[in-house]
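One-letter residues, chain by chain:
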Amino acid sequence: MEPTVTADKPFCLIADLHVAFHGRPVLKAIDLSLDSGGITVLLGPSGSGKTTLLRALNRLNEDFPGHLRSGRIQLRLAGELQEIHQPEISVTALRRQVGMVFQTPNVLPTSIQRNLLLPLKLVTDLDREEREARIEEVLREVHLWSEVKERLKESATILSGGQQQRLCLARTLALKPHYLLLDEPTASLDFKTSRAIEDLLLELQENYRIIAVSHSLRQARKIAGRIIVMKDGEIVHQLDREGIACPETLPQLLEELF
Amino acid sequence: MNRLVTLLIRGWSWFSVLLFCSALASLLWFLLRHGVPTLGLELFFGDAPVGKAILGQVRVWDALWPACVGTLLLVLLAALMALPLGIAAGIYLACFAAPRFRQIMSLSVELLAGTPSIIMGLFGFALILFLRKTFFPAANTSLLLAAGCLALLILPYLIFTTRAALDSLPAGLKMIGPGLGLSHLETVFHILLPAAGRGIIGGVILALGRAAEDTAVIMLTGVIANAGLPHGLLGKFEALPFRIYFLAAEYQSQAQLDSAYGTALVLLCLTGLLYCSAFLLHKTLEWRWNRQ
Ligand SMILES: Nc1ncnc2c1ncn2[C@@H]1O[C@H](COP(=O)(O)OP(=O)(O)O)[C@@H](O)[C@H]1O
Ligand SMILES: [Mg+2]
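Sequence lines, in order, name chains A and B. With the numbering used here, you'll find the first sequence wraps up at 258, consecutive numbering, no jumps. With the numbering used here, you'll find the second sequence wraps up at 1292, consecutive numbering, no jumps.
By construction, these hints were calculated from the structure, which means they are not laboratory data. It is possible that part of the hints are untrue.
Unchecked claim - Taking lysine-lysine pairs in the DSBU-like style, the calculated list, with each CA pair at most 30 Å apart, reads: (1) B:1174 x A:231; (2) A:149 x B:1052; (3) A:176 x A:9; (4) B:1283 x A:176; (5) B:1283 x A:149; (6) B:1236 x A:153; (7) B:1174 x A:28; (8) A:153 x B:1283; (9) A:222 x A:9; (10) A:121 x A:176.
Please model the complete structure; the sequences and the hints are all you need to start from.
The following block contains the structure:
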């Protein structure tokens, strides 16, 4: 099944979410409803809980020691809104549908091809040809194919930062997720490469429900259909397209925060 | 001021490196100078015919061959017992154990690592005494016992280095598996272990070296000077480090002392051989992991 974004129905509902690590609250009473309408961008000072909120959506916070959560999160899985913490939901299956790309690219210290093949082999039952087709498909999707098609067997660690970031994205896309969680996808990249990734995300929003953390106002403006502003573990503002388009609101808002 | 400090640190670093290199070089030089002239078939087989000696058809007296075989068997047996246990325990501590338990276990492992090897030997010896008085009156010190005690000696190194190799993997690498929806088991075996391979093999090499050179343990658990080739797991045996010790302590002629140097050289080569095979094993595994 091709992931498609259906209009106007919420695909993410968060109700009274609290997250704490070692007893220290990190997210406090988060309420959020996301429906289609472009990329959701999380903005806010560092330490405001953006990464933690992203990780709450694929239950990755549970892999860290001292984690405590209360509250509900519903995502649209297999067409229906489902509470992601209910026991029938398997964490690994959830994480395959809610793919995440981390702030610093984390390629496996092995070949480019193997970076993509390993998860495919472990998670899917595609045969050899289908796997190779899938690899080409996702590498084309992230515009990396022409750069690496000659050297798929070479080490992924010699790729540039932007290429590594796109490889990580491709690795996630290869598992056909419906959601994409992107944690500061351009944090370690130069201006030009950032631009390229932003354009890429704008293309990808057709097929994936994207929630991205950003550190740049310019970037948020460019890619966001909705901006969520966070501070001290709380959502302090939400802007829709009109709010983003208005030249004054956003800078004013951020001035208050930082 | 700052420049002076930098200069001092650099000077000290250079001096240390130089000191280390010259110590190593003089050690090697000393060994080579005394040892190389003694190298030859006679050192290994005495006056026994070589072919028959290798096959164990004639007894070799006053030569290295039985000790070479003894040490090799000893190390292999000890590795066979300790490697699976030690590496598995290290993986368990790094990837599966509850934090509390992990702390306690790590402490015990460090304690075990600090145990002098003579204590391990005594432990083996006491075990035999106990067995003799209780279930097996015929129990005696033997190759198996010595290998078991050696295994106990190297176990903590293996556990510790395996755990450390896994712990020190970059945080980003550890998140790859969970982020892609792999199970914890898949993450450990397909991502973390291959990535930690180099560190783990380092521990294996250290442990093998330790097992090959230790004298205190085997002295109390079954090595004797003139056992000949080991007769099975429950027989006595000879070993290179013990032979060096024995020759150096009780030599009666300069030639005998020189043959101790030759023996030391052989032990060094044997350990080198073990290292190489561990390294090759690692390379094969790495290749298999990288092969698509
Ligand atoms: N695994 C964790 N263990 C303990 N504290 C954490 C953990 N993850 C995040 N925190 C804390 O939660 C707060 C928010 O972190 P984070 O979500 O990474 O913020 P942001 O991504 O907005 O910079 C920080 O104070 C951080 O120290
Ligand atoms: Mg962050």
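Results of checking the hints against the structure:
1. Between residue 1174 (chain B) and residue 231 (chain A), the direct Cα distance comes to roughly 28 Å. Compliance with the 30 Å bound is thereby established for this hinted pair.
2. Our distance criterion of 30 Å between C-alpha atoms is broken by residue 149 (chain A) and residue 1052 (chain B), whose separation comes to about 60 Å.
3. At most 30 Å may separate the alpha-carbon atoms for a hinted pair to count; residue 176 (chain A) and residue 9 (chain A) meet this at roughly 21 Å.
4. Between the alpha carbons of residue 1283 (chain B) and residue 176 (chain A) the distance comes to roughly 34 Å, so the proposed pair goes past 30 Å and is violated.
5. Between residue 1283 (chain B) and residue 149 (chain A) the alpha-carbon distance is near 26 Å, which keeps this suggested pair within the 30 Å criterion.
6. Of the pairs offered as hints, the one joining residue 1236 (chain B) and residue 153 (chain A) is violated, with about 53 Å between alpha carbons and a cut-off of 30 Å exceeded.
7. A threshold of 30 Å between alpha carbons decides the hint, and for residue 1174 (chain B) with residue 28 (chain A) the separation of about 27 Å falls inside it, so the pair holds.
8. Between residue 153 (chain A) and residue 1283 (chain B) the CA atoms are separated by roughly 17 Å; this keeps the pair inside 30 Å, and the hint holds.
9. Taking the CA atoms of residue 222 (chain A) and residue 9 (chain A), the gap is about 24 Å. The hint holds against a cut of 30 Å.
10. With a CA separation close to 14 Å, the supplied pair residue 121 (chain A) and residue 176 (chain A) stays within the 30 Å bound.
In summary, the structure is inconsistent with hints 2, 4 and 6 from the numbered list given earlier, while agreeing with the others.
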